[in-house]
Amino acid sequence: MIMTIIFYGLAVIGLVFSFVKSREKTKMALMKALKAFENILPQFLGIVLLIGVILSILSPQQISQLIGENSGWVGVVIATVIGSITLIPGFLAFPLAAALLENGAGYMQIGAFVSSLMMVGIVTMPVEVLYFGKKATLLRNGMGLVFSILVAMVIGGIMS
Amino acid sequence: MKNKSIELMKRYRFFAIMIVVTLAILVVKPDMGVRVYSLAFNSVFEMLGVLPPIFILIGLLDVWVKKETMVKYMGKDSGIIGVLLGFFLGSAAAGPLYGAFPVAGVFLNKGSRLANVFIIVGAWASMKIPLLLFEVAAMGWQFTLIRLVMDIFGVLVIAYSMEKILNDDDERQIYELARKMSQ
Chain A
3 MIMTIIFYGL
13 AVIGLVFSFV
23 KSREKTKMAL
33 MKALKAFENI
43 LPQFLGIVLL
53 IGVILSILSP
63 QQISQLIGEN
73 SGWVGVVIAT
83 VIGSITLIPG
93 FLAFPLAAAL
103 LENGAGYMQI
113 GAFVSSLMMV
123 GIVTMPVEVL
133 YFGKKATLLR
143 NGMGLVFSIL
153 VAMVIGGIMS
Chain B
1117 MKNKSIELMK
1127 RYRFFAIMIV
1137 VTLAILVVKP
1147 DMGVRVYSLA
1157 FNSVFEMLGV
1167 LPPIFILIGL
1177 LDVWVKKETM
1187 VKYMGKDSGI
1197 IGVLLGFFLG
1207 SAAAGPLYGA
1217 FPVAGVFLNK
1227 GSRLANVFII
1237 VGAWASMKIP
1247 LLLFEVAAMG
1257 WQFTLIRLVM
1267 DIFGVLVIAY
1277 SMEKILNDDD
1287 ERQIYELARK
1297 MSQ
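If you read the sequences in order, they're chains A and B.
Here the first sequence stands for residues 3 to 162, numbered as in the numbering used here.
Here the second sequence stands for residues 1117 to 1299, numbered as in the numbering used here.
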């Protein structure tokens, strides 16, 4: 909520400054903003529905069943896969992760879940490909995946 | 005209498929279908929370920041300044990762170095400042600190490896895509 206010505030301040300096350029900036948004709109709409489908299949209770403390490496793999395909906003993800820990999930598994949630985005690949192409998109997500497992190992090693 | 509608169809193909799939779910399992749509609407509201101002800021940046300025601060020879700016911009951002790609596009289009753009994307993905506060509150400082320190190195390693692995052709293609997308 605070971020929304800050970002809308920044955009309004930017627009006011821009408008004072040049009406023409401000109009151009808004046109560009609209065009840039329209460029990714179709993918967004598809992704939003896909997120709905995935999250309605995977509930927090089901996730915590899968990645319990004794789930070991299988749990880490499952946590990584779930983290990679779901797209949960951060301010929901951390309370969820904390709740999962309380419900018996292990630190290593939660580390894998949180890290892959952030670094890997299978669902958003259609948008990423538009800007970076297939190769770079696969590379970035692949490296993010490996890195997430590394983070999980360190967190698991230190914290449990 | 015909080309245009084919283009439109191609662009909306994924969305059309998802509409069909979700409508099918709604018919077969109404309970789940309703949940799918309410989750989807939540995502849309979340998008509306941050994306419009991000796109307006992208538009303003596109119009007001000269290419030479971008090249100077984020380009090939920007050195440590480009790296620090990348981390700052990424971690000061808000909203889901898909908001980072259009930002990456306009930075590339203005002559930003590939690695610096990947630093923005990496920092945006994993070390947003507002989110760190949530993380400390929910997960404790130890968890947060381990992840943050590892992420700083991870983001750098991934950004530079990507620049190394991608050849000149890939790089040209990426800049070309960025140009296309910010037109």
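It should be emphasised that the hints constitute simulated quantities derived from the structure, not laboratory data.
Ideal Cβ placement from N, Cα and C applies to all residues, glycine included.
Heads up, a few of these hints could be off.
[As the list claims (entries may be wrong)] Per label pair, the in silico range of CB-to-CB distance: (1) A:Ala101 to B:Ile1281: 34 to 40 Å; (2) A:Arg25 to B:Ile1245: 31 to 37 Å; (3) B:Asn1119 to A:Gly74: 18 to 24 Å; (4) A:Asn72 to B:Ile1135: 40 to 46 Å; (5) B:Asp1284 to A:Pro62: 45 to 51 Å; (6) A:Gly70 to B:Lys1120: 22 to 28 Å.
Going through the earlier hints one by one, which of them does the structure break, listed in rising order?
-> 3 and 6
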